[in-house]
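Visitor: Chains as they are written, first to last, in this note's numbering: chain E, 5 to 308; chain Z, 35 to 345; chain C, 1380 to 1645.
Hints were generated in silico from the structure; no laboratory data involved. No false leads were mixed into what you were given.
Quick list of in silico lysine-lysine cross-link-like pairs, BS3-like style, CA-CA up to 30 Å: (1) C/Lys1569 to E/Lys235; (2) C/Lys1438 to C/Lys1569; (3) C/Lys1579 to C/Lys1419; (4) C/Lys1524 to C/Lys1508; (5) E/Lys106 to Z/Lys157; (6) Z/Lys157 to E/Lys102; (7) E/Lys174 to C/Lys1569; (8) C/Lys1607 to E/Lys174.
Chain E residues, not near chain C, derived (Cβ > 10 Å throughout): (9) Ser131; (10) Leu137; (11) Asp186.
Ideal placement from N, C-alpha and C gives every residue a C-beta, glycine not left out.
One letter stands for each residue in the lines below.
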Amino acid sequence: MARPDPALWCSNVHVRFPDGSHPVRGVSLRVYPGQVFALIGESGAGKTLLCRALYGLQRFIPGMEVMGTIGGAAEKAMIFQDPGQFLNPGLSIEGHFKEFLKLSPRPSLTMEQLLRYVGLPENREFSRKKPRLLSGGQQQRVMIALSLALEPKVLFADEAVTALDGLTRKTVIELLRQLCQDFGLGIIFVTHDLHVADSLADWVGVMYAGRIVELQSAENLFTQPLHPYTKGLFRSHPGPEHRNSPLIELPGRMPPPDHEDGGCPFFDRCPERMAVCKQHLPEMKELSRGVSVSCHRVFQDRGY
Amino acid sequence: MRRLVFVSFLQLVGTLFIVSTLVFFILRVLPGDPARAVLGMQANEQSVQRFRQEFGLDRPVVIQYTEWISGLVRFDFGRSFSNRQPVAPVLGQRLGLTLFLAVGGMICALLLALPMGVAAARKPWGRFDTLAMGVSHGLMAFPEFWIGMVGILLFSVQLKLFPLFGTGFGIHLVLPVLALGLNRAPILFRTLRGGLIQESSRSYALFFRGSGVPERRLFWKYLLRNQLPSVSAVAAIQFGYLLGGAIIIEQVFALPGLGRLLMSAILSRDLPVIQAGVILAALAFTLVGFATDIITHASTSQGMTRGKPNG
Amino acid sequence: MLSEVHTPSPLLQIQGLSKVYETPHGGLQALDGVSIEVRKGQTYGLIGESGSGKTTMAKIVSGILAPSAGAVRVMGEEVPHSPRQLRRTRYFEKVQLVFQDTLGTLNPYRTIYQSLQEPLINLGSKDHKSRIHRVIDQVSFPRGKLVSRPGELSGGLRQRVAIARALIVQPCLLILDEPVASLDVSVQAKILNLLQELKKDLELTYFLISHDIDVVQYLSDFVGILYKGRVVEQGSVQRIFSSAQDPYSRLLLEVHSRRYAWAQEV
Ligand SMILES: Nc1ncnc2c1ncn2[C@@H]1O[C@H](COP(=O)(O)OP(=O)(O)O)[C@@H](O)[C@H]1O
Ligand code: SF4
Ligand SMILES: [Mg+2]
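With these hints in hand, go ahead and build the complete structure from the sequences.
Guide: In structure tokens, the structure reads:
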């Protein structure tokens, strides 16, 4: 069965800044319509910058330089963590919608329809409010509705539910999954929260020091992680299994965004490292369909 | 808000009372006899006495003071020593010109500062911004009377574009208004530019830009609007300086404003006019102060609180 | 309950605690008749979403906010209600608070050493240097970084400082208000392990307040679920996580459940 064209794809994308930092180093990925691609990893891994580069925001970020090939649908929209910051504090909800509906190539939805779709009140009393009077969950819904006004084919979400509490978070996650189904939207979802990726993602890319080191379907990644870093993340995450035993810590820290490329960036922290790892940077290899990883140990074990 | 207005009003009344009391007694304590100053040294004792009687200067100071204060409450500023006309209408007429200069200067400054601020903030340290920052730096170094004099030399004497003198509210006021405006524009420009650059680095600006809002609309419609409260607060303070500047510029351009009236009143010891002028000045400055407070209060309570920039 | 008659009195005892905030729109009930007991050496984890009253709880128990009704006792003594009483009764020597926002609670202009010294000066104790060194060794904070300022440290190190500052007065009860929120998984693991070790080594008692169910489950012996100012259910961690009764707690725990069985060979 032929797959549909990706809603977003990129190949060998780099992000650099004039100060010598190189926070994204050769990332390739594909996001398909109707699916959620989650980028996970700890802070400073380069998730946000990769996401912004794929969106094309570098024009608005001083000094940010992007290289590589990026393709896919032109209709893009984005939502962020902390929507309170990303809405104009001086502008009413209605004012936001007026502006965003103007931006749509062919506005087919009204503010009322959008508000209803995301589960917000449609009355004037609500739409006249300024963003700060809304709860975090409501603000995020407003932001989602605004992005929908642009009728995107790809939605970029950066930590979009991180600031929300469990129950609200769940409803927003369900709303996002609904969007995928209803509009055939491809979503690229950045999060450092393994739980969020677990409940939302179809595909997961694990980022470490500017690279995707493992890319698998969510089910495979959570049940059979391959890369030592991914495994380390799971082992250090508290869960029911850990009741009476200490968490297994990952020693050390991620290299900074201006580190020199050499061997494997995870070498210093890796419990499975080998001699070859210190000298040679493992490349990203597709082991089987939809399973890619960059780790000498995995290559050796699997005979690559 | 209502509380603020009420407190402000009480402060206003208090300030005016203190100022009028102070100015009254200071003028009485100063050496020199107003009757002699008005009538001249050669005036005979009889006419001096008549003058004192006419203006009540022969009565005890405390009585004079209570009469003056009770007149004030009825907006009666007394009569001028020199031309024996009531002070209030003359003052009103002269105030008109001074206010015209100050308001004109403010409008001129805003017309310069707003577009320049937006243009500069769109590309910080770009070519236009660097130039505008340089020019504004230079302008700030020159006082308004200097700008006014250069203007006279250049446009009236050399180019003969503007008349040197005129009556009423005519074209001869263009240069003084321009001088005042040029003097006050840099500070407004800088406030706006800085505010806009900061506003433009806020997360919502990234969201709007990324969603396709054109730069021009983003700046004029959203960023500028959010910056208006702080710019208005600065403008209100600047208006106080403009009133002072107007009084000086009247001298340079020989315009019959409040400043010149006061100058001649001081020289001729025309006490009622001096008193009224000082009270008016105090009133103007207190009102400007309140306008600033109220604007600031309104803008902070409107939820225009600062957010952190994106990143 | 009969069986409890013979057990020693709890270290922390919260009885019928209520708090009503006065707002322009009338009273706002932040806590409503909360009763909790924590025994020495145990960890009690209070789970709640934002707005459920967690922070109010932490403030009242640490003595910086007065309750509207009810009582809080630590080792049988009533918790003071005002900063002045707090100083006079030296309550802070028994109970210390560890916050989430370490950047906001450490003075940005003082070095770590100065921040740690402050409680010792208040205490009038001598021998600052050796006490500071002992406590930062306990939390594995590098001695070389004592001269740094909070802004120069990573989130994990700042959290260690916050814990060290709480421990330096040798309290018996720590109130942990979201102690690992906003930390990365690998950093969080180190702090969680540290908290577990400290509890054992120093015989501490923890009152943990968090929205993070995994963290509460990992650290706690007893768990309570706070909803709109009420503890809707409490019990041993095993009981709550295997058979919660209250509809809200069940919903909360269910929403948190995992879609996939994460690979965590321990
Ligand atoms: N404007 C910038 N200039 C220089 N370095 C930056 C800039 N923005 C981000 N970085 C660096 O790039 C790295 C990756 O950042 P980011 O993409 O935000 O990571 P993540 O989203 O995974 O936490 C960080 O270490 C950050 O310090
Ligand atoms: S390449 Fe080597 S060092 Fe890197 S993760 Fe794999 S085993 Fe570890
Ligand atoms: Mg990020």
